[in-house]
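> Sequence:
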Amino acid sequence: MHLPIRTKLVLFAALPVIAVYLLLFLFGVTQLRAHLTDDAHDLLLEHARYRAAQFALSLSQAPALAESLGDLMQADPDQDQSLLYAHLIDGLRRTPLAQSAGILYAPSNRSALMRRGQPGGETLPEDDVISQMKAPGWHIESNAIVFYRALDRAGERVGETFVNLSLNAVYQELSAERSSSNMILMLADDNGQVRLPDPPPLVRKQLADSIGSAGSLGSVSEIRSGLNNDDRYWLVSTQVPGLPWRILAATPTETALMAANEKVVWVAGILVVSLLVVMSVIAAIAHRITRPFAALDASVQQIGRGDFNVDPDVKSHDELGALASAIRSMAQHIAHREQQLRRSHQVLEHRVAERTTALRQSNTKLIEQIEENQRTEVALRSANEQAQQASKAKSQFLSNMSHELRTPLHGVLGYAQLLRRDGELNQAQRESVEAIERCGQHLLTLINDILDLTKIEAGRMQVDLQPVDLRQLIDDVRTIVASRAAAENLVLRIDVGTDIPAIVMTDAVKLKQILLNLLGNALKFTEQGVVSLSVCLDAEGQIRFEVADTGVGVPADKLEAIFDAFSQARDGKAVDGTGLGLAINQRLIRLLGGSDFNVDSTPGIGSRFHFRLPNLAPPDDAQPVVLSVDHHPAAAVQTLLWLAAESREPLDVKDALADKGFVIQRMQQIGQAAAYLEQHLVAGVVVELDATDDATGMCATLHQAARYGPPPIIAVGDTAVASVAVEAGFDVFLQHPLDASELSSQLESHARNADPMPAPPTAAPRQITTAWSAELAQSTAARLHSAIDLGDVAHLFQLAEELADHPAAPTNAAEEIALMARLFDFDGLRRLASQLDTLAGPAASA
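Residues in the sequence shown are numbered from 813 upward in steps of one, following my numbering.
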């Protein structure tokens, strides 16, 4: 906001003055009001004390009457009854406040009572003479104040005289003597309880209800009264001299402060008038001071409009006069400079014209440079397209070469495995065959990794989401890596959370590939200790996988590089491999919709690889996909089946068994255990037996379900079930608590004495439950018959690869054929070919 200097000067000078006046006003009025209030308090207190003294003087007649009556009775106890009434009438006449007076004398059962306004006296019943006696002194009884004087004889109480004063009369006395300041007087006992007449006046009743108790003596307090507590009163309490009562004096606050308020208003008016006078003086001084400034301002505005002929009207010889002289000189200099500026402007226009011509030439060169850059950009784009085509050609070449290399390599591996099974080979020949197989497997791993990577980069790797039994998949992974872990004296631990759903939607083949690669890396880089796989649900409901080991670890500067293709961290241990596993895993996890594939590692302590996959619920009628036809017996010889409804054995026993190379498969029902034995060969079965269990039935069921021969069945329980277990057919009985070493020894003893492992029994052909097209079933069956007749394992692997890439082939077909070819299960392959012939029958005949 723009304000003239005069206004600013008035404001800047007046505001401090106003502030000071306000402070003085507030402080002075507050102090004056407080002082006047204290004076009013003192005046009210003094008046209350004066009224208390007057009231005490009025009440002193009652004790005098009681004393005179007592002296007359003690002087002549046997005087006539009429004489007693005469004394009482005379006493009431001399004591205006007394409403009644009486005499009680016990030795002769005499009594006399005279009431004011009655023509004659009366006597009390003889039985009430003694009971009516009270302690000497003042008493407040009901609606009256009574003074009692004791009559003694020979040191004993024989009677009393009393004078009765009604509260109405007392309050009339108080009201008659109150001051003109609307003071309301009330009577209270020593406990501060207000005593009112009956019926009490309305104002006193409201005040008594507001007071509650009389408060402390000699102090002034403020109370509220009335129907809505709108009336304010000052209350003072003072002791009645010589009496056990107090006088309460209440005065309306407005009345008590009337004089104080008048003085405060008078003082405030004086301060306001003086403030107005000061403000007028300030305004006059400001006008005189700012007049030269107005003249100077007019001269400056004239210069601003281009008129330099100025002469400020300032006649003083102070700083303002010097400023006016400076403005005159400045106007003359500006006029001179204005002429010079016009000449310089003409020169500048000429130079601008020259520079504009030069800038136009530079713009022409810049446009030519932009066109050259655009041509370069087109060339770069063309080169980028050619590079992308070259990358696609590279991927296609690597994919074709991988297929061409794997075809003869499968044959080499197949015949190497056949030779290794030949019992006529000597040790040197067997080692040579094993070396061929190891080299072939290494080369096959390299080719498979390159093929997977090229598929991912070319965008041809697709995800087939199917309902998967996650626990069965993890059990298959454990079965595959358990023997390798045991061979390298490493402890393999699998921990699957209880909150993991039974069936999830995912690509089982790719998930198994990820887990096998991570566990294989952990076993490869761990010389001693533990390799573990844990699966659980995280806080967001996603499935979290973690593979941990106690191996050499990864240096911090190489944690990012290990996820690059063909990159390895070899610190601490020389290893083989392609360096593609983690790069492929990272891409597969992304394809499965996962995230957060990270590693935490400390050199010399170990590493933890972890990632998350979405927890996708399958349809209600979905059945889990089966990834394999049968489990090879030799892959599960270290599995220990543990059957218990609620295990009583401590965790350290099971951990000790895990350290000895056993993989514990926990079951809670006999049906689950039997179903597991139909598909797996186990090292033994441990049954925690109770007295309520059907031991004979359980043992028979387990023996009948063992497809690969009966394993040792060991009963564990209390002494009470020992005989039951032996009679039921259990091989061994061990008592709670279980000793892990003893159980391990029993299992090893049975393994040494067991018969050679039987071949899988010939079972009915496994029925195909997934959809095959008739044409694909016919061609696949023909190729299977041809490869089986020739014993061409390489052709079988090639057929599995082609089915894996075929969009119309069932999801698990390639996995089944590859697994049977790897196990040389030609009987199973013939059964599969026969089933395919059946499906292709109508098409073949057509």
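Heads up, some of the hints might be wrong.
[Stated by the list, open to error] Cβ pair distances, simulated, as ranges:
no. : residue 1 : residue 2 : range
1   : L1255     : G1309     : 24 to 30 Å
2   : L1255     : I1476     : 33 to 39 Å
3   : A876      : D851      : 52 to 58 Å
4   : A1429     : N1196     : 39 to 45 Å
5   : P1415     : L1255     : 42 to 48 Å
6   : T819      : R1140     : 44 to 50 Å
7   : T1176     : N1196     : 29 to 35 Å
8   : R1172     : M1142     : 39 to 45 Å
9   : R845      : Q1051     : 52 to 58 Å
10  : Q891      : D854      : 35 to 41 Å
[Stated by the list, open to error] Okay, derived cross-link-like pairs now, BS3-like style, lysine-lysine, Cα gap no bigger than 27 Å in a straight line:
no. : residue 1 : residue 2
11  : K1324     : K1336
12  : K1322     : K1204
13  : K1322     : K1336
14  : K1324     : K820
No lab work stands behind these hints: they were computed from the structure. From a predicted model like this one, the values you see are computed outputs, not experimental measurements. Where is the CB? At the ideal position from N, CA and C, for every residue including glycine.
> Tell me, in ascending order, the numbers of any earlier hints that this structure violates.
1, 3, 5, 6, 9, 10, 14
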